[in-house]
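Heads up: the protein sequence lines correspond to chains A and B, in order. So that you can map any letter, position 90 of the first sequence is 90 in our numbering, and since no number is skipped, the others follow by simple counting. So that you can map any letter, position 263 of the second sequence is 263 in our numbering, and since no number is skipped, the others follow by simple counting.
Honestly, the hints are just simulated from the structure, not real lab data. Be aware that a few hints might be false.
One copy or two, either will do: identical chains are not told apart, so a pair holds if it fits within one copy or between any two.
[Said to hold, decoys possible] Taking lysine to any residue and the SDA-like style, the derived pairs with C-alpha atoms no more than 25 angstroms apart in a straight line are: (1) Lys385 <-> Lys395; (2) Lys274 <-> Asp362; (3) Lys395 <-> Ile381; (4) Lys239 <-> Glu71; (5) Lys274 <-> Asp51; (6) Lys395 <-> Ala383; (7) Lys385 <-> Phe88; (8) Lys197 <-> Leu215; (9) Lys69 <-> Gln241; (10) Lys102 <-> Lys363.
Number of protein chains: 2
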Amino acid sequence: MKYLLLGASALILTACNSASISPSKRSDPSSLAAPSHAYSQADYDYLAISDPEKMSAASKRALARNYHKNEEWFGEFRHETLFGDFAFDEDVSRRDPSKVLKINGVFYTWYTRTTGETKGFGTGDPDAKVFPWDHAEIWYATSKDGYHWQEKGRAVGPGQAGQFDDRSVFTPEILAHKGTYYLVYQAIKAPYLNRTKNTVAMAYSSSPEGPWRKLDAPILTASDTGEWAGTQDNHFLVKSQGDFDSHKVHDPTLLFYRNKFYLYYKGERMGERKTAGGREIRWGVAIADNPQGPYIKSDFNPITHSGHELCVWQYQDGIAIVSSHDGPEKQTIQFAPDGINFEIMAYLPTVPSAMGLVESLDKNAHPTAGLEWGLYHEYVIPAGKTWMSGGNQIKRFSFQSQYYKSSRNSDELTHNESN
Amino acid sequence: MKYLLLGASALILTACNSASISPSKRSDPSSLAAPSHAYSQADYDYLAISDPEKMSAASKRALARNYHKNEEWFGEFRHETLFGDFAFDEDVSRRDPSKVLKINGVFYTWYTRTTGETKGFGTGDPDAKVFPWDHAEIWYATSKDGYHWQEKGRAVGPGQAGQFDDRSVFTPEILAHKGTYYLVYQAIKAPYLNRTKNTVAMAYSSSPEGPWRKLDAPILTASDTGEWAGTQDNHFLVKSQGDFDSHKVHDPTLLFYRNKFYLYYKGERMGERKTAGGREIRWGVAIADNPQGPYIKSDFNPITHSGHELCVWQYQDGIAIVSSHDGPEKQTIQFAPDGINFEIMAYLPTVPSAMGLVESLDKNAHPTAGLEWGLYHEYVIPAGKTWMSGGNQIKRFSFQSQYYKSSRNSDELTHNESN
Numbered sequence: 001m002k003y004l005l006l007g008a009s010a011l012i013l014t015a016c017n018s019a020s021i022s023p024s025k026r027s028d029p030s031s032l033a034a035p036s037h038a039y040s041q042a043d044y045d046y047l048a049i050s051d052p053e054k055m056s057a058a059s060k061r062a063l064a065r066n067y068h069k070n071e072e073w074f075g076e077f078r079h080e081t082l083f084g085d086f087a088f089d090e091d092v093s094r095r096d097p098s099k100v101l102k103i104n105g106v107f108y109t110w111y112t113r114t115t116g117e118t119k120g121f122g123t124g125d126p127d128a129k130v131f132p133w134d135h136a137e138i139w140y141a142t143s144k145d146g147y148h149w150q151e152k153g154r155a156v157g158p159g160q161a162g163q164f165d166d167r168s169v170f171t172p173e174i175l176a177h178k179g180t181y182y183l184v185y186q187a188i189k190a191p192y193l194n195r196t197k198n199t200v201a202m203a204y205s206s207s208p209e210g211p212w213r214k215l216d217a218p219i220l221t222a223s224d225t226g227e228w229a230g231t232q233d234n235h236f237l238v239k240s241q242g243d244f245d246s247h248k249v250h251d252p253t254l255l256f257y258r259n260k261f262y263l264y265y266k267g268e269r270m271g272e273r274k275t276a277g278g279r280e281i282r283w284g285v286a287i288a289d290n291p292q293g294p295y296i297k298s299d300f301n302p303i304t305h306s307g308h309e310l311c312v313w314q315y316q317d318g319i320a321i322v323s324s325h326d327g328p329e330k331q332t333i334q335f336a337p338d339g340i341n342f343e344i345m346a347y348l349p350t351v352p353s354a355m356g357l358v359e360s361l362d363k364n365a366h367p368t369a370g371l372e373w374g375l376y377h378e379y380v381i382p383a384g385k386t387w388m389s390g391g392n393q394i395k396r397f398s399f400q401s402q403y404y405k406s407s408r409n410s411d412e413l414t415h416n417e418s419n
Numbered sequence: 001m002k003y004l005l006l007g008a009s010a011l012i013l014t015a016c017n018s019a020s021i022s023p024s025k026r027s028d029p030s031s032l033a034a035p036s037h038a039y040s041q042a043d044y045d046y047l048a049i050s051d052p053e054k055m056s057a058a059s060k061r062a063l064a065r066n067y068h069k070n071e072e073w074f075g076e077f078r079h080e081t082l083f084g085d086f087a088f089d090e091d092v093s094r095r096d097p098s099k100v101l102k103i104n105g106v107f108y109t110w111y112t113r114t115t116g117e118t119k120g121f122g123t124g125d126p127d128a129k130v131f132p133w134d135h136a137e138i139w140y141a142t143s144k145d146g147y148h149w150q151e152k153g154r155a156v157g158p159g160q161a162g163q164f165d166d167r168s169v170f171t172p173e174i175l176a177h178k179g180t181y182y183l184v185y186q187a188i189k190a191p192y193l194n195r196t197k198n199t200v201a202m203a204y205s206s207s208p209e210g211p212w213r214k215l216d217a218p219i220l221t222a223s224d225t226g227e228w229a230g231t232q233d234n235h236f237l238v239k240s241q242g243d244f245d246s247h248k249v250h251d252p253t254l255l256f257y258r259n260k261f262y263l264y265y266k267g268e269r270m271g272e273r274k275t276a277g278g279r280e281i282r283w284g285v286a287i288a289d290n291p292q293g294p295y296i297k298s299d300f301n302p303i304t305h306s307g308h309e310l311c312v313w314q315y316q317d318g319i320a321i322v323s324s325h326d327g328p329e330k331q332t333i334q335f336a337p338d339g340i341n342f343e344i345m346a347y348l349p350t351v352p353s354a355m356g357l358v359e360s361l362d363k364n365a366h367p368t369a370g371l372e373w374g375l376y377h378e379y380v381i382p383a384g385k386t387w388m389s390g391g392n393q394i395k396r397f398s399f400q401s402q403y404y405k406s407s408r409n410s411d412e413l414t415h416n417e418s419n
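Bound conformation, chain A alone:
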């Protein structure tokens, strides 16, 4: 395999798309033909590039984007049904499970719970349930084996009429920090319309069983940018879109990282477009010195241009994420050494919705150890109906990696009928 060294004047510097190529390395843009001294024969062989002097655009892109690296980040999700109160329930919808905490040998999770059929918008009844998460409460459940779950009761309910959370509280996440448990969750103040902006609220307790004390005000709000067009309740009609989070701040996820409180969240935008990657969905982060805030949105937002429900965990000194359904980087695992600047590590076939990761896993053992098993939800859609009028069921996922098998006691990992 021969390849040429270019003269210094023609050297092209690009570190596009990879944290692992230092600025001093050089590689070709798709449109130029010359190969680079930065790649080894092993790199070419991995990618089956037989002649570096005659590379297709796809081959140049494969090198530039490190398709020959990071195989240890790849794996595939599997799904399992749960038992007890998480078995399919025709009358109760349970969705958006939080991370799973293991407290005194027992697994805990928090989730959105509703009853009744979703009617949707435009019924003429302002109290009609407009989404599967409308008129919701946050409940919690426990399990000894991660398969049989017992619903324990309500953790947080809506506020009094007139308060910022009087319509619905839902999509919780949990952080245990120095003996205090913090729930962060979405809140809606009535009326619940297409154009309604939500907020993020917090409640805390000294015990996972509660009682939970709510903060008086939201800890995060949608951006006050963008301008609606007209008065019709249509969130696609705008004079200007505003920021990535001008409409919604969803899926709040709280981590203690770098000695601060990182509140990751999904933004939805007024006048949302369909792009080359589908829906425009982006994530942001807001950072505080204290768990109760104030949370300051990062100047570097948005920190992703893809994803949907958040899936975020600390891997060694950085933050790893799984990006799901929407955007050009859908169904990828990404990593940011600093929690802000994410690069794509792996490309997955499918990703479960609304994953709740298990906090007690040995997350630093391997890039994907934090995904070994956890909870997620599925839509249960009756025949002839759409996702809106179905309910949700919490289920369990596992992540199969060729490169990592947990060395822990297996009774937590495989369903044992005698449990």
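Start from chain A and add chain B according to the hints.
Relative to the frame of chain A, chain B by itself:
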């Protein structure tokens, strides 16, 4: 929104990953902070980048990879069941439908047809059906409305014992050119082992009904590179992997393009790895002056580093593809102005398997007009079994685009009960 013009010495040239940025345009690699004069306020607004001086790695990547462009290439696939001989059939497996030709007002398609259960490898019986496409024949069917299909009979069967196609013929594609119909398809010479390399064969006829005349020799073979390790029939054990197509040459797809015959195909590699994008699957092309060959593999192969069953059509002066299940660029639509150098245009949620496109659609009307409807296959997997022992059923897909609706007569497009 302020952004700086950099001094000439700091200008960084990259045309990574986009055919639409000329070499004179410049944009930042992820690791540098300075913005570029190549982007407009509209570009930043599209991506909700509020401060170009403080962009996350994801935002820089979004600009560099044109996430703010190509929205007209996006859409979503829908699925429909077919009727007549393509309804579910417990005894017959039909898979890998070819492109659909419309001849004298009637739709024609060719496909792999088998009966009997797949036994898999290691049974000790050299004649046992090892894959759903083993002991296969190529049959064809017709339809007036694209929904009700009538199976017409066999087009091509296996050869005589000892010939290069004596075990199985399958996965056909069709090209009509100057009054002659050309079938290209995969062929296997017994025995059919894990390590067996297949070939690509051709048969031609002056009528879509046949009779079909086979060429005496394959038109394409797997690369004679790579080296097996040991004698165990295991295709993952290699001393060296060889080229991207050292094991298999699959899914041959023949187009008349730039006044030549472009034979696109999928390569599978000896000692196939699991990479950061899953299975390593790549496409190549071989080009001939005459439809019967000789076909010369392009020096620029591989031309993709992702995909599975081919989906290829001409859009204006270039070639468009849909990349499916495997690799870092799974589930994307890509375009090459020259049929060789593909760039990613859109990122799809799901992609049907083994699509057979409709050749008579007005493909040049819009980037995705060629996908408006077509055929594909699903696996029908009995409870408790794996994909290997299931059968296949041919079904119909449609592609929903926000940007394109066909102006043609609708009776072809929607199932009309009176047809």
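Status of each hint after checking the structure:
1. For a Cα distance limit of 25 angstroms, the shortest separation of lysine 385 from lysine 395 qualifies both inside one copy, at 21 angstroms, and across copies, at 22 angstroms.
2. In this homomeric assembly, lysine 274 and aspartate 362 come within 25 angstroms of each other (Cα to Cα) only across copies, at 24 angstroms, whereas the closest approach inside a single copy is 39 angstroms.
3. Taking identical chains as interchangeable, the C-alpha atoms of lysine 395 and isoleucine 381 lie at most 25 angstroms apart whether they share a chain (15 angstroms) or sit on different chains (22 angstroms).
4. In this homomeric assembly, lysine 239 and glutamate 71 come within 25 angstroms of each other (Cα to Cα) only across copies, at 20 angstroms, whereas the closest approach inside a single copy is 45 angstroms.
5. With identical chains, the CA atoms of lysine 274 and aspartate 51 are at most 25 angstroms apart between copies only, with a shortest distance of 23 angstroms across copies and 39 angstroms within one.
6. Taking the shortest Cα distances, lysine 395 and alanine 383 sit within 25 angstroms of each other both inside one copy (20 angstroms) and across copies (20 angstroms).
7. Taking the shortest Cα distances, lysine 385 and phenylalanine 88 sit within 25 angstroms of each other both inside one copy (17 angstroms) and across copies (24 angstroms).
8. Taking the shortest Cα distances, lysine 197 and leucine 215 sit within 25 angstroms of each other inside one copy (19 angstroms), while across copies they are farther apart (67 angstroms).
9. In the homo-oligomer, the alpha carbons of lysine 69 and glutamine 241 lie at most 25 angstroms apart only across protomers (17 angstroms), although the nearest pairing inside one protomer, at 38 angstroms, exceeds that limit.
10. In this assembly of identical chains, the alpha carbons of lysine 102 and lysine 363 lie at most 25 angstroms apart only when taken from the same copy (14 angstroms versus 56 angstroms across copies).
In the structure shown, no violation is registered for any of the earlier numbered hints.
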